[in-house]
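2 protein chains.
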Amino acid sequence: MSNQPDKIYAMRHSLAHIMATAIQRLWPTAKFGVGPVVENGFYYDIDLGEQKISEDDLSRIEKEMQKIVKENQTFERFEQSVDEAIEWAKTGNQPYKQELLNDLKRAGTTIAKDLDASELGLEAQEGSKVENVSFYKNGDFTDLCRGPHAESTGKVGAFKLMRVSGAYWRGKEGNPQMQRVYGVAFDTDKELRQYLAMLEEAKKRDHRKLGQELDLFLFSDMVGSGLPLFTPRGTVLRDELAAFSNELRQQYGFEKVWTPHITKKDLYEASGHWAKFGDELFLVKSQETSDELVMKPMNCPHHTRIYASQPRSYRDLPVRYLETTTDYRDEKTGELGGLNRVRALTQDDSHVFCRSDQIEDEINNLLTAARDLYATVGMGLRVRLSYRDDSDAYLGAKELWESAQGQLKNAVIANGLDYFEQEGEAAFYGPKIDFMASDALGREHQVATVQLDFVQPERFGLEFTSEDGSKQQPVMIHSALLGSIERFLSVYIEHTAGRFPIWVAPEQVRLITVNQELVTTDFAAKVLQEAKSLGLRTTVDNSNESVGKKIRAAELMKVPYTVVIGEKEIESGKVVARIRKDLEVATEHQPIGVSEFLKTVANEAKSRVNKTSL
Amino acid sequence: MSNQPDKIYAMRHSLAHIMATAIQRLWPTAKFGVGPVVENGFYYDIDLGEQKISEDDLSRIEKEMQKIVKENQTFERFEQSVDEAIEWAKTGNQPYKQELLNDLKRAGTTIAKDLDASELGLEAQEGSKVENVSFYKNGDFTDLCRGPHAESTGKVGAFKLMRVSGAYWRGKEGNPQMQRVYGVAFDTDKELRQYLAMLEEAKKRDHRKLGQELDLFLFSDMVGSGLPLFTPRGTVLRDELAAFSNELRQQYGFEKVWTPHITKKDLYEASGHWAKFGDELFLVKSQETSDELVMKPMNCPHHTRIYASQPRSYRDLPVRYLETTTDYRDEKTGELGGLNRVRALTQDDSHVFCRSDQIEDEINNLLTAARDLYATVGMGLRVRLSYRDDSDAYLGAKELWESAQGQLKNAVIANGLDYFEQEGEAAFYGPKIDFMASDALGREHQVATVQLDFVQPERFGLEFTSEDGSKQQPVMIHSALLGSIERFLSVYIEHTAGRFPIWVAPEQVRLITVNQELVTTDFAAKVLQEAKSLGLRTTVDNSNESVGKKIRAAELMKVPYTVVIGEKEIESGKVVARIRKDLEVATEHQPIGVSEFLKTVANEAKSRVNKTSL
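Line by line, the protein sequences give chains A and B.
With numbering that gives the first Met the number 0, letter number 249 in the first sequence gets 248, and the count goes up by one each step, no holes.
With numbering that gives the first Met the number 0, letter number 115 in the second sequence gets 114, and the count goes up by one each step, no holes.
No lab work stands behind these hints, which were simulated from the structure alone.
Treat each hint with caution, since some may be false.
Covered by chain B, per the in silico footprint, the following chain A stretches (three or more residues, Cβ under 8 Å) [as the list claims (entries may be wrong)]:
| id | segment |
| --- | --- |
| 1 | 230-242 |
| 2 | 275-289 |
| 3 | 313-327 |
Simulated DEER-style distance windows between Cβ atoms [to be verified]:
| id | chain 1 | residue 1 | chain 2 | residue 2 | range |
| --- | --- | --- | --- | --- | --- |
| 4 | B | Lys203 | A | Ser469 | 33 to 41 Å |
| 5 | A | Met197 | B | Glu212 | 32 to 40 Å |
| 6 | B | Gly170 | A | Ser469 | 52 to 60 Å |
| 7 | B | Pro310 | A | Phe276 | 37 to 45 Å |
| 8 | B | Lys275 | A | Ser606 | 49 to 57 Å |
Derived, one-sided and incomplete: chain A residues facing chain B with beta-carbon distance under 7 Å [stated by the list, open to error]:
| id | residue |
| --- | --- |
| 9 | Leu217 |
| 10 | Ser219 |
| 11 | Met221 |
| 12 | Val222 |
| 13 | Gly223 |
| 14 | Leu226 |
| 15 | Leu266 |
| 16 | Ala269 |
| 17 | Arg304 |
| 18 | Ile305 |
| 19 | Ser308 |
| 20 | Lys331 |
| 21 | Thr332 |
| 22 | Ala343 |
| 23 | Glu554 |
All values reported here derive from a predicted model rather than from experimental measurement.
Cβ atoms here follow ideal geometry from the backbone N, Cα and C, with glycine treated the same way.
For reference, chain A alone in the conformation it holds in the complex:
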């Protein structure tokens, strides 16, 4: 991908204008909304009255755009006063542009908070005074626009229109519905082709599709949207990933705790979450008592209760709690889809209560754990260090912040992590580290997080007795390595295309019998028993189908190792495993003893070696 963000931005922006030019040629009465640059491309919102743009129209528009590219029209910039601009919109019968300009005028040509300056072609800050607005003109087409643009319509790289969808004017329900035509664009043809191929691949890997094909999870109308149910295969994924995440922290002294899923809202009033997130919570009504309860949306307040249940001395710190538990958040149904966004999110959550001089060591451990986890699942990792800025929007002593931010950075550097820093991105209660993992398709996903918290210990009055006998306040460190297991799975299933490495594969070995004779099924049963005693997730396909059909069935389920059991295998006690193609194992085609084979696979599973080429 291009490393020239300004150049590609200008190209995409220019393509929005070129598309509008093409649409105006095809539908001269088209009324234009806004046409911004978005990730990987651009769109324009258009009102064609009763006329609907079909998917077929996209190629017509594209052809017209190619003509305009060939015409190599220069982009010319000019300015007008707001009144002149309004006149321009009126004359051109562009009511949406006119509305934007009128809003600007009504606000005394001051950029008001609810006015998007970029919609107006203005590069202006909120509250600043506007003298003129700028326009860009190419050929017969003129648009209110702040730029920048490519030099001419001939220099806009490679593009493709992708789809058309409905969109309310200015995103508000009740406003006129416009048509949003969306395209992608890159510097070179090669980049475009790569991107389209990636999309094609992503479609094949869609976790909702694979979730069904590989029998991993399901939704039920009777249970409700955003509330997935996991089959035995899907539950293996959940459990293996959570167990690994826990193990990585248990080696650093984290201990599991357990808290209930409902709680009196008093707890969240005390923590401050009620005031901030009260309307995102599921309310729970007791029919037997007058208790006002909620579903827990996070676990930190509960963990403070466990910390506070015993007196703590400086020698007891750090106290480290770990809990993989399901939190509930009341998302809008429209926002739900697959595992990406659910209402039941299982977090591999943990909390450290420590002294301020212990922050660096603790962060260091958590970063090492996260690094190990993402290396094992084969995803690239980079982190954002989010610091406070000079404003007074932050709680806690400034020296504590500075010391803590320094400790975070030291730990990130010590772990050799790719990082960048952002001031003003911290939470009000403390600085944090966000983890971005990149998948096999090059997409980046925000996953784990490590956050310091100076505020909850204060609100809950947590304390420990220091060496000099005085009462001191611990610092809390929130962290999750996988984040939400459901969301992580939505990423991980697509990352692996369902070809899970051996340690996490729901079915690790499948035994296929060549016939249903007793000697065959007995042998298969014996091998199954041995495999199970080694902890291998193994099944037998003893159905009355052809071996070819059985092998294809195993391939469809992406089973790592398939072993055909016939006369030869029974006589020799040796097998040749069929290995899933992506697995980078030395493809030994020599038969080996059954026990030796099973032990090798079991060791591979135990070591969590990632042999898949994703």
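Once you've looked at the hints, dock chain B against the given chain A.
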């Protein structure tokens, strides 16, 4: 304990009369309610107007009772008509007896549904006609009573009054509040002494007390009543027990699944639970959607959704799901106390979907699993087989019931389980097996259950393709081995008195340093590392306290193995472990190598050998 239930029943019943006689002597205006026999004893509800019976009064009453015992008054039975009986109550100024008799008369001297015949001294069935009521007289005291009684007041065994508490007349709030004087009674002095000693021991073992002393769980006002939080130590207990329970079933092909804790009420409308248990559910309100949700009180309907998500053939059956998950039931706050009754109950739940000819094998497996589990925790087990009767209160074909009941019984016999059978005790949807476990104090607790279900498969339209291609309905088998883990823990903590066997002990090994010198702490750290790598839950007490004080601290926490580390141990590399007194291990007082010691303990933990003498 006595094996003569009728004899001890008559003794306890007679003691209720003797106590009433004593109270009438002490407070001649006493008005009497009812005085039944209860487990281990008897009580009488008494109205003394403004006068309150104190704990001190109990010994006065007891002394008076002893006098009456010495007087050896004969119990004489006689009968009267209902009208005569009403006259008797009026004359004696006994308004409560009068009310009962009036109710009987109002109902046309027919036993109505809401009239407890035993309160009236009647041995009569609902709906039957009453001619006379019976009385028992001893000395000056006469009471409406159906008997039976001991021959005389001198033959009533050993007894003790335990407490006095408030009780509403006929158990209805709003009715006059009476005083309930409660006593225990046994055939012999020895039995009484044993029982009182057991109570004393039970008090020491109270799981709420031990839960705090051993730092296992806590309640928080901010979280709410009936909603326990588990500390790291308590979580070990939960996890170890659940893991064992799962393991015992996984060997029989059970596979873990996962379902969310909230669900649309549609699911429970479909299952039929809504109509039956709707008012015991926590209602969940979404602020973002109009979804009507509830907290799941059980998991079977969810598991039917997973079963139904794939077509099933007769060859795929049995399908076996396992889920340790927390259900929520809206208990009255007054009913909650410790872990015995909670609003968040974690079930080690499982469901089998099988053909009717597979019932016996499946039940057999579940019984073996339950037997193994209770043998390992050292509790006696007996089971009740609950069958249908001849009424038409049961759903499902009668032949299916008969076949199923036969299969249940076969499996119980094959497992050599102590059992008894009860007709008419089945659920309407299928026969069941209830498990009663007896603890170290001889108390019996209902724990696990295995239930057949012919109805949910019908309601949810579950099916499988049979060998002949037709669609058939599977049978469901619900089961839980521990039942509610919280409730099981309330029993188990008291059963063990917190002296957990090594495999379940939250802290298995404690290392105690004799001083804080580097050579000592280094050695302790090395041993700790080795212990942890063997999976042993190990801590180091490196505090600046005397060795004696540290040993006492370990004893208080009931740590199975404590190892003191000093100069001798460091030089020789050998240790002598202090072993918790109840552990039946060969008390080797010879020093053994550290690694050897740790490996022995690790093997012991792994094998789940129960070496505690409870």
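Against the earlier hints, flag every one the structure doesn't satisfy and list their numbers going up.
-> 5, 23
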